[in-house]
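Trainee: Chain by chain, the residues run as shown.
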Amino acid sequence: MPTDSRSERVEVRKTYKLYIGGAFPRSESGRTYEVSDSGGQFLANAALASRKDARDAVVAAHKAWPGWTARTAYNRGQVLYRVAEMLEGRSGQFAAEVMAAEGASRARADAQVSAAIDRWVWYAGWTDKLAQVHGSSNPVAGPYFDFSVPEPTGVVAAIAPRASSLLGLVSMVAPILAAGNTCVVLAAAGRPLPAITLAEVLATSDLPGGVVNLLTGQASEVAPWLASHLDVQGLDLTGVDDPTLAVALERAAAGNLKRVLLPEPEADWAADPGLTRMRAFLETKTVWHPVGI
Amino acid sequence: MAVFEYAPAPESRAIVAIASHYGLFIGGEFVEAEDGHPFKTVNPATEEVLAEVTAAGPRDVDRAVRAARAAQEKVWGPMPAQDRAKYLYRIARIVQERSRELAVLESLDNGKPIRESRDVDLPLAAAWFFHYAGWADKLPYAGLGPDPRPLGVAGQVIPWNFPLLMLAWKIAPALACGNTVVLKPAETTPLTALAFADICRQAGLPAGVVNIVTGAGETGAALVSHDGVDKVAFTGSTEVGRQIAQTLAGTRKRLTLELGGKAANIVFDDAPLDQAVEGIVNGIFFNQGHVCCAGSRLLVQESIHDEVLDRLKQRMTTLRVGDPLDKNTDIGAINSPAQLAKIAELSEAGQAEGAERWSAPCELPQQGYWFPPTLFTGVTQAHRIAREEIFGPVLSVLTFRTPAEAVDKANNTPYGLSAGVWTEKGSRILWTAERLRAGVVWANTFNKFDPASPFGGYKESGYGREGGRQGLEAYLAH
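Chains A and B are the protein sequences, given in the same order. Taking my numbering, the leading residue of the first sequence gets 1, the next gets one more, and so forth. Taking my numbering, the leading residue of the second sequence gets 1, the next gets one more, and so forth.
It should be emphasised that the hints constitute simulated quantities derived from the structure, not laboratory data. Certain hints may be false.
Below 25 Å or equal to it, Euclidean Cα-Cα: the simulated BS3-like pairs (lysine-lysine) are [as the list claims (entries may be wrong)]:
hint	chain 1	residue 1	chain 2	residue 2
1	B	86	A	129
2	B	327	B	448
3	B	448	B	313
4	B	409	A	63
5	A	52	A	17
6	B	138	B	86
Partial list, derived from the structure: chain A residues whose beta carbon lies under 7 Å from chain B [to be verified]:
hint	residue
7	8
8	11
9	137
10	140
11	141
12	247
13	254
14	256
15	286
Here are a few chain A residues that face chain B, going by a calculated C-beta distance under 8 Å [to be verified]:
hint	residue
16	24
17	148
18	276
19	289
Just so it is clear, CB atoms sit at the ideal spot from N, CA and C, and this is done for glycine as well.
With the hints as extra help, turn the sequences into a complete structure.
Mentor: Following this line, the structure appears as C-alpha cells:
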C-alpha cells in the first residue's frame, strides 16, 4: 500500500439533491446553481428545481397525505420525535452548515441548532393534544350530541425563510406535519444546504416518503406553480421577501381558496411560536347526532 | 293514504310597518346617499314592491367605514368588555321581543315560509346574539392567547337566503370581540337589516358601532376593497369569494369566507327510512333549497334505491308550495327572477344530459317566482346537476354499493361545506364522518344550526368558522 505523502486529506464532498417522494433525485431539468458560503466561497452545486419538479413534489405530497393523516396522533408524535433524535445525532453537521450559510459564529450556530431540535420536540408533542385544545363538545340547544374536531387541511406548499436557515425552516415544517398535513418546501435559495441535510435526516427517520418534499431553487420560478396548483390546499409564504411576488402568489392561491400564511421576513424565530402556525392549516369538522332512545 | 286538506292559515302582515323609502344607516342615523341611487325591493311571492331602498356609492361606503372607525377607536374598543356584553344581551332580547314582526318582514322580503322564519331564523338570530354577548367579557379564556385584541373595522357582506340570521352570524361575534361593523345585506333582501338598525337604536348602541349600507355587488366591492376595513367577512358564492380573496391579496386584511356547497346526503341500507326520508326532504327543500349546506346530492345505497325513491316521491307530493305567510306552507317563493332562471337552466341541463326529472304535482301561484320540488334520478357524477350548486329545490339522486364508494363520491367535489350520513350503525357513522372532507357532518339529522356549534367549509367552500369558541378567531388579532 502506497504511503500517502500529502499533509491534508482531500475531503469527500456531498452531492446535494432534491427530496421528492422519499428519494433524492436531481432536477429533471438537469440544472444546478452554485451555492456559496457567506464569504463567497464555493460550497456546492444545488439542484435548480423546475416546474416539473414542483409538480412531482405535489404529486408525492398528495399521495402521502391519506396515509399520514390516517395514522393515530400518538404514532405521528412518535415519528416526529424520532426525527428530533436523528437531528440531535447530526447536530455538529448542522452547526457547520449554519455557520457556512449564515456566517454565524460557532456559538450562535450551536444555539440555533439546539433551538431547532427543541422546537421539533415541542411540536412532536402537540400531535395528540391538538384535538383537545382546538376541539370542543358543543352545548347546542336541542337533543343532539355535537362535537368539533380539528383536521389537517391537506397538502401545504411552504417557502422557507432565508434569515434563519435551520431554525426558521424547522419552525415552519414541524407545525405543518404535527397538524397532519404533508408538504412541499422550497428552501431559501441562497442557503439551501441545511435544508437538504434536514431532508436526509427525514429520509433516515420513520417519516413516510412524500410527507415532506424539499425543493431547492428560485422562488420566482417555482413558487407560482405551487401557489396555483389545485392539489395544494395551503400556502405558507413566510419566507417570501419580494413583496411583488408575494402578492402574485397570494392572488394565485385564491384560485382554489388555499389557506395562506402571509410573508413574515422579520419573524423572530427564537420567540415562543404559539399555536398560530398549526391553526393556519387545520380545518374544524363539526359532527351532529340526535340523542334519543 | 289520504292527504289532509288545510284551510288557509295566513299570518297577518299588519304587525309590520314598512316605510316607503329607506336611506343608509351610518353613524347611528338614517342618511341619504351622497353618490348612491335608489332601487326597489319586491316580495318574491307577489312581485309587489315593498319599499324603495338605497344603493350606497363609494363615498357612502367611505362615510360608513369612517363612522365605524371613529366608533371603534373612541367608544366600542375602549369600552369595558362587560358593557359590550350588556349591549349585545339587549339586542338579543329585542330580537326576541320583536321576533313576530321580524319573521313576517323576513318572509315578505325573502319569500321563505313563515313557519321557517318564525321557528328557525328568528330564534337562531336571537340565540346568536345571546351566545356571543356572553363571550364579550371572556375572550382571554378562548384559547387565542391571554390578551386577544379586536381587529378594528369589519366589512361584512351577507347573502339573501337567511338575511337576518346571517346578519346575526356576522355582527354578534364581531361586536363581542370589540370590532365595529359596516354590513351590506343582499340586494334583494335588505329590509330586516334595516329593521335591525332600529333595534340598534332601541338598544342604545353607540352611534357608528353598526352601520348598514344597502346595495348590490358594486357596493359590496367598494366595502371589501376599502382601505379602512381591517377585516372582511363574506357569505355567498364561491365565485365572488374567489374574487374577494384575489382583491385582498397583499392588503393583509383578515378574511373569512363561507361559500357554496354541493353536499352529499348518504343513505346506507340500514338507515331508519322514515327518518331518512324526512331528513332528505329537510336537507334539500328547507328554505326552497336556498341553503349553501343543502343536501343536494342524495347518495343512496343501490339495494334500497327504489324503496327510498318511492317513499321520497310520496312525501314530496304532500309538500305545500305557496303563500309564504300561510303557516301551513312548506315551500315558499324563489327569492328572485335571476335565481329562478338559474334553477330552471340547471334543471334543463340535467334533462338534456340524460337524467330523469320528476317534480311533485303542485299548483304554483300565477304571480311571483316559483319552482316545484324536483328530483333527478339516473344522475352521474359528470352531470352538471351533480357538480354545480343549484341553490334551489332540486335534488340529484346518485347510487353507491360500498361505503368506500359513498365516501369517494361524496368527496368528489371542489366544495366541502357539509354532508349527511344515515345509518343505524354507530361505528359506520364515525367511520364515514371521519372520511368526509366537509366542515359539518349531520348524522341521522340534517340542516341543524346552533350558535355554540362551529360552521364553515373545507376546500372551496371557504375558510374560517362561525359559531362557538372557534367563531371568535375570525374577529381577534392573535
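Trainee: Could you run down the list of hints and mark each one as holding or not?
Mentor: Hints, one by one, checked against the model:
With a C-alpha separation of about 35 Å, the suggested pair residue 86 of chain B and residue 129 of chain A falls outside the 25 Å cut-off, and the hint is violated. At roughly 21 Å between alpha-carbon atoms, residue 327 of chain B and residue 448 of chain B fall within 25 Å of each other, so this suggested pair holds. Simply put, residue 448 of chain B and residue 313 of chain B have alpha-carbon atoms about 23 Å apart, close enough for the 25 Å limit, and the pair holds. Distance hint between residue 409 of chain B and residue 63 of chain A is fulfilled; the C-alpha atoms sit about 18 Å from each other, no more than 25 Å.
Simply put, residue 52 of chain A and residue 17 of chain A have alpha-carbon atoms about 15 Å apart, close enough for the 25 Å limit, and the pair holds. The straight-line distance between the Cα atoms of residue 138 of chain B and residue 86 of chain B is roughly 13 Å, inside the 25 Å bound, and the hint therefore holds. About 53 Å separates the beta-carbon of residue 8 of chain A from the nearest beta-carbon of chain B, more than 7 Å, and the hint is not met. Checking residue 11 of chain A against chain B by beta carbon gives a least distance of about 46 Å; that is not within 7 Å, so the hint is violated.
The closest approach between the C-beta of residue 137 of chain A and any C-beta of chain B is roughly 10 Å, which is over the 7 Å cut-off, so the hint fails. Checking residue 140 of chain A against chain B: minimum C-beta separation of about 4 Å stays under 7 Å; hint holds. Satisfaction of the interface hint for residue 141 of chain A is found here, the shortest Cβ-Cβ separation to chain B being roughly 6 Å, below the 7 Å cut-off. For residue 247 of chain A, the suggested interface contact is upheld, since its CB lies about 4 Å from the closest CB of chain B, less than 7 Å.
Interface hint status for residue 254 of chain A: upheld, as the beta-carbon distance to the closest one in chain B is roughly 4 Å, under 7 Å. A distance limit of 7 Å between C-beta atoms decides the matter here; for residue 256 of chain A the minimum to chain B is near 6 Å, and the interface restraint holds. Annotation: residue 286 of chain A was flagged as interfacial toward chain B, and the flag holds, the nearest CB pair being 5 Å apart, inside 7 Å. Taken as an interface hint, residue 24 of chain A does not check out: its beta carbon lies about 32 Å from the nearest beta carbon of chain B, beyond 8 Å.
A cut of 8 Å between beta carbons decides the hint on residue 148 of chain A: the least distance to chain B is about 5 Å, and the hint holds. Hint on residue 276 of chain A holds. Least Cβ distance to chain B is approximately 7 Å, under the 8 Å limit. Given the 8 Å rule on beta carbons, the hint for residue 289 of chain A holds: about 4 Å separates it from the nearest Cβ of chain B.
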